[in-house]
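Numbering-wise (numbering that gives the first Met the number 0), the sequence shown opens with residue 0 and increments by one.
If you are wondering where the hints come from, they were derived from the structure by calculation, not from laboratory data. Incorrect hints may have been included.
[What the hints assert, rightly or not] Below, computed lysine-lysine pairings styled on DSS-like, alpha-carbon distance capped at 25 Å:
1. Lys103 / Lys34
2. Lys356 / Lys710
3. Lys398 / Lys364
4. Lys235 / Lys211
5. Lys267 / Lys233
6. Lys285 / Lys301
7. Lys34 / Lys235
8. Lys267 / Lys211
9. Lys364 / Lys710
10. Lys198 / Lys233
11. Lys722 / Lys739
12. Lys739 / Lys356
13. Lys710 / Lys485
[As the list claims (entries may be wrong)] Pairwise CB distance ranges (calculated):
14. Gly135 / Asp758: 36 to 44 Å
15. Gly689 / Glu396: 51 to 59 Å
16. Ala759 / Lys356: 26 to 34 Å
17. Asp627 / Phe465: 23 to 31 Å
18. Pro510 / Asn282: 40 to 48 Å
19. Gly135 / Ala357: 45 to 53 Å
Since this is a predicted model, take the numbers as computed values, not measurements. Where a beta carbon is used, it is the ideal one built from N, C-alpha and C, also for glycine.
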Amino acid sequence: MKKLFLMLFVAGCVNVAVQAQVAPQKTDVKDVVAKLQSLSTDKIIEKAYLHFDKPYYNPGDTLYFKAYVTAGEQHELSKISGVLHVDLVSKNDSVMQSLILQLKNGLAWGDFSLPNYLSKGNYKVRAYTQWMQNAGNAYVFNKTISVNGKSIAQVYPAKATDNKTDVQFFPEGGSFVTAVPCRIAFKAVGSNGLGTYVKGIVVDSDNKEVAKFTSAHLGMGQFYITADAGKTYKAKVTYPDGSVNMVALPTPEAKGMSLTVNNSDLSKLAIDINANKAYYLENKDKEVNVVIYSAGVVKTVKTILDNQVIGFDLPKKDLKSGITQITVFTQNGVPLAERLVFIQNEDGINFTVNSDKATYAGHDKATITLNVKFGDKASVGNFSVAVIDESKVQGDEDKESSILSNLLLTSELRGYVEQPGYYFNTINADTRSNLDVLMLTQGYRRVQWQELLNEPPTPLTYKPEFGIPIEGVLTNRSGAPIANEKLTLMLSATGQSITATTNAAGKFNFPGLEYADRSQFVLNIDNKALRNKAKLVIANNSSAITQAAYNEPAVGVIDNLSNYAGVTAWQTGKIRDLKPVYIKGKPGNYHTQSLAGAGNADQVVFGKDIKNFATLSQGLTGLARNIDFNNGKAYLKTSIAVANGSTVSEPMLIVIDGAITSGGIDVVQPNDVESIEILKGANAAVYGMGAGSGVMVINTKQGGDAVEESKEMSPGILSLSPKGFYMAREFYSPVYDAVKKYPADERTTIYWKPNVITDAAGNAFINYFNAGAGRCRVIVEGIDNGGNIGRAVYKYNVQ
Numbered sequence: 000m001k002k003l004f005l006m007l008f009v010a011g012c013v014n015v016a017v018q019a020q021v022a023p024q025k026t027d028v029k030d031v032v033a034k035l036q037s038l039s040t041d042k043i044i045e046k047a048y049l050h051f052d053k054p055y056y057n058p059g060d061t062l063y064f065k066a067y068v069t070a071g072e073q074h075e076l077s078k079i080s081g082v083l084h085v086d087l088v089s090k091n092d093s094v095m096q097s098l099i100l101q102l103k104n105g106l107a108w109g110d111f112s113l114p115n116y117l118s119k120g121n122y123k124v125r126a127y128t129q130w131m132q133n134a135g136n137a138y139v140f141n142k143t144i145s146v147n148g149k150s151i152a153q154v155y156p157a158k159a160t161d162n163k164t165d166v167q168f169f170p171e172g173g174s175f176v177t178a179v180p181c182r183i184a185f186k187a188v189g190s191n192g193l194g195t196y197v198k199g200i201v202v203d204s205d206n207k208e209v210a211k212f213t214s215a216h217l218g219m220g221q222f223y224i225t226a227d228a229g230k231t232y233k234a235k236v237t238y239p240d241g242s243v244n245m246v247a248l249p250t251p252e253a254k255g256m257s258l259t260v261n262n263s264d265l266s267k268l269a270i271d272i273n274a275n276k277a278y279y280l281e282n283k284d285k286e287v288n289v290v291i292y293s294a295g296v297v298k299t300v301k302t303i304l305d306n307q308v309i310g311f312d313l314p315k316k317d318l319k320s321g322i323t324q325i326t327v328f329t330q331n332g333v334p335l336a337e338r339l340v341f342i343q344n345e346d347g348i349n350f351t352v353n354s355d356k357a358t359y360a361g362h363d364k365a366t367i368t369l370n371v372k373f374g375d376k377a378s379v380g381n382f383s384v385a386v387i388d389e390s391k392v393q394g395d396e397d398k399e400s401s402i403l404s405n406l407l408l409t410s411e412l413r414g415y416v417e418q419p420g421y422y423f424n425t426i427n428a429d430t431r432s433n434l435d436v437l438m439l440t441q442g443y444r445r446v447q448w449q450e451l452l453n454e455p456p457t458p459l460t461y462k463p464e465f466g467i468p469i470e471g472v473l474t475n476r477s478g479a480p481i482a483n484e485k486l487t488l489m490l491s492a493t494g495q496s497i498t499a500t501t502n503a504a505g506k507f508n509f510p511g512l513e514y515a516d517r518s519q520f521v522l523n524i525d526n527k528a529l530r531n532k533a534k535l536v537i538a539n540n541s542s543a544i545t546q547a548a549y550n551e552p553a554v555g556v557i558d559n560l561s562n563y564a565g566v567t568a569w570q571t572g573k574i575r576d577l578k579p580v581y582i583k584g585k586p587g588n589y590h591t592q593s594l595a596g597a598g599n600a601d602q603v604v605f606g607k608d609i610k611n612f613a614t615l616s617q618g619l620t621g622l623a624r625n626i627d628f629n630n631g632k633a634y635l636k637t638s639i640a641v642a643n644g645s646t647v648s649e650p651m652l653i654v655i656d657g658a659i660t661s662g663g664i665d666v667v668q669p670n671d672v673e674s675i676e677i678l679k680g681a682n683a684a685v686y687g688m689g690a691g692s693g694v695m696v697i698n699t700k701q702g703g704d705a706v707e708e709s710k711e712m713s714p715g716i717l718s719l720s721p722k723g724f725y726m727a728r729e730f731y732s733p734v735y736d737a738v739k740k741y742p743a744d745e746r747t748t749i750y751w752k753p754n755v756i757t758d759a760a761g762n763a764f765i766n767y768f769n770a771g772a773g774r775c776r777v778i779v780e781g782i783d784n785g786g787n788i789g790r791a792v793y794k795y796n797v798q
């Protein structure tokens, strides 16, 4: 019997961990709403999402990313935290590189340089704030990164340890009740961790067939059954290899109530509560409450159990896109049934992306215009744009994650969600139906009702970070703490200083500092008489979290990568097999930002050979062959030009971490250099105009590189170079002259712009030079100032 109910609207904001079973307790539904409201201020959650420049990488590539950190379930850019930690994690779960990024209004961007000889396999990037750790690892961002390297030893996908396929059955709403129709969803997962096709029949305890089932998508499916009193049920499952196994279904409850939600209508949810006769007679005319939680908003429906079937429609226009939780409570506040549904309204950002040409020639300049709207209004926000050559890097948009699939779906579900992009790329009846089955299987109860209603709030252990402290302890030579001593910390570059005093335990703290990675500080004990008797010990400022093991299948990610392999992504000419780069007297394993690729420089100088010099130009003088230095600028001795009748030398083009700079080389400290590549003639031509006088490519040390953080200059005085905020490198795209011919440009990421900001009319534009022939894919993602998220994909051809 359908009824029309008025909704009680209450604001709320909560998202906490959930248990599989809801423990009964007596309370009032008003208490439920009040508790949900209180959590909107006590336990606001943060999420992080990273947009990467491409789906997979080669050894030697630079991995570029943009970080979006949101607060609450309205996806507003977070102002809670000012620090984001990002780690590159190896295949054996060890941290390879680690960055500390400064969040400004929830935004940051960075990059990792992948070593040239990284073996083929799945690596991981994780991102988190300290505040996130109050929820454990629940909201830590994790992304598997596939690297298509060629190893010395052949790398194979992980082998299955057995042929067992796991099949689980999930009654809708959590209750399988006798004498009422029940939808049962199932999920079959193979030993490789991926969904697998199964089919079968359901038989009762008399071995009578009562239902048939077949998986529809990625091992998931559903069927309907009405349980008879006193009977149990088993599924006779047939696996892909033809083998058969019996799997028991949950035991039907003799007395209870079921919850059914029909999500097939685009405009409404059809919600039905069905009590079997035994439960109805015992609870007739008692109050039933339905609590509907959607994107931080709570709606409640109160009715009377005056019929075995109670139903009502809930308009979807009142709900935001994402997961909605529906819970049925008794009049005493005991939760009976619960269901997650996914709402896909047209309430996101609308993008219009256009290029100035439908088809480009190689090395042509492209101008991409972007218009963003939310509804019929211009959308002002911050976006990231990646342009990749998909003829070289073929992607699978169904398997790829996006800002939509991550923030709205996968961050809220347990376990590995296979092909998250499938549910968002082309929305139709099939994808909506399969997404609903995903909610029935991997959807889980997000609120621990027993903890929420009966237990006192858990104190927050982790506070938000707003800067990077420098802290430690002052002791005497025997290790005993020294209290009440004044210390001064000075920034070497500017001479600015601050002071701190040690506490009773000898500890000192300079909190909330904002400084770039490898900034130089001097820390000294003000009491000169104490310096020879005391020792300063600096604490590690790392806040690394416990690394969880991979929760994604080892196969299916790297199996079908395209033939995008070799020493580095910046190879000119044909693709070459990976082989060592031999440079006389120097190791060949170094990362490079050179467009010419590793091994194509005329000379390579390594940082260890110049680290003891005051400036970079001093260290390179006499070491860099046929190069003179003047005021920090480098000149090839063979590069001569005539201007106004006079003979002059043109300076070399300087590229620092992939970005061209107009200044000299002495802006880089010798201790920060990993390698310097000198390119001349044909090797330099890949940089287009301005490379005629040669190119000097300076590769600095990246996050995770070992750095000496402190050194005693004299008793009581330390020189410090602590890990600070990483300064992201600017992506470099070559500039070409249309009338000249250039060597083949084998870029795979054609362009990357992490901070595209739309104006008051919702407009923005970018321009760059294309590479060679291929098909380019432009991916735009981001969040506007109202917390509305969106993604767009645009494609064009280069001939």
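Structure-based check of all given hints:
A distance of roughly 31 Å separates the Cα atoms of Lys103 and Lys34; the hinted pair therefore is violated under the 25 Å criterion. Distance restraint check for Lys356 and Lys710: the Cα-Cα separation of roughly 57 Å exceeds the 25 Å cut-off, and the hinted pair is therefore not satisfied. Restraint check: the Cα-Cα separation between Lys398 and Lys364 comes to about 31 Å, which exceeds 25 Å; the hinted pair is violated. Between Lys235 and Lys211 the CA atoms are separated by roughly 9 Å; this keeps the pair inside 25 Å, and the hint holds.
For the suggested pair Lys267 and Lys233, the alpha carbons sit about 34 Å apart, so the restraint of at most 25 Å is broken. Using a Cα cut-off of 25 Å, the hinted pair Lys285 and Lys301 holds, with the two alpha carbons roughly 11 Å apart. At roughly 44 Å between alpha-carbon atoms, Lys34 and Lys235 are farther apart than 25 Å, so this suggested pair is violated. Of the pairs offered as hints, the one joining Lys267 and Lys211 is violated, with about 29 Å between alpha carbons and a cut-off of 25 Å exceeded.
With a C-alpha separation of about 50 Å, the suggested pairing of Lys364 with Lys710 is violated against the 25 Å cut-off. With a C-alpha separation of about 13 Å, the suggested pairing of Lys198 with Lys233 holds against the 25 Å cut-off. Proximity of Lys722 to Lys739 is assessed by CA-CA distance (about 45 Å); at most 25 Å being required, the pair is judged violated. For a cut-off of 25 Å, the pair hint linking Lys739 to Lys356 stands: about 21 Å separates their Cα positions.
Distance restraint check for Lys710 and Lys485: the Cα-Cα separation of roughly 20 Å lies within the 25 Å cut-off, and the hinted pair is therefore satisfied. The supplied range of 36 to 44 Å is met by Gly135 and Asp758, whose beta-carbon atoms lie about 41 Å from each other. A hinted range of 51 to 59 Å for the beta carbons of Gly689 and Glu396 is inconsistent with their spacing of about 37 Å. Separated by about 28 Å at the C-beta atoms, Ala759 and Lys356 satisfy the suggested range of 26 to 34 Å.
Look at Asp627 against Phe465: about 47 Å separates their beta carbons, and that is not inside 23 to 31 Å. Take Pro510 and Asn282: their Cβ atoms lie about 58 Å apart, and the range 40 to 48 Å is violated. For Gly135 and Ala357, the hinted distance range of 45 to 53 Å is satisfied, since their beta carbons lie about 50 Å from each other.
Of the hints listed earlier, those the structure fails to meet are numbers 1, 2, 3, 5, 7, 8, 9, 11, 15, 17 and 18, in rising order.
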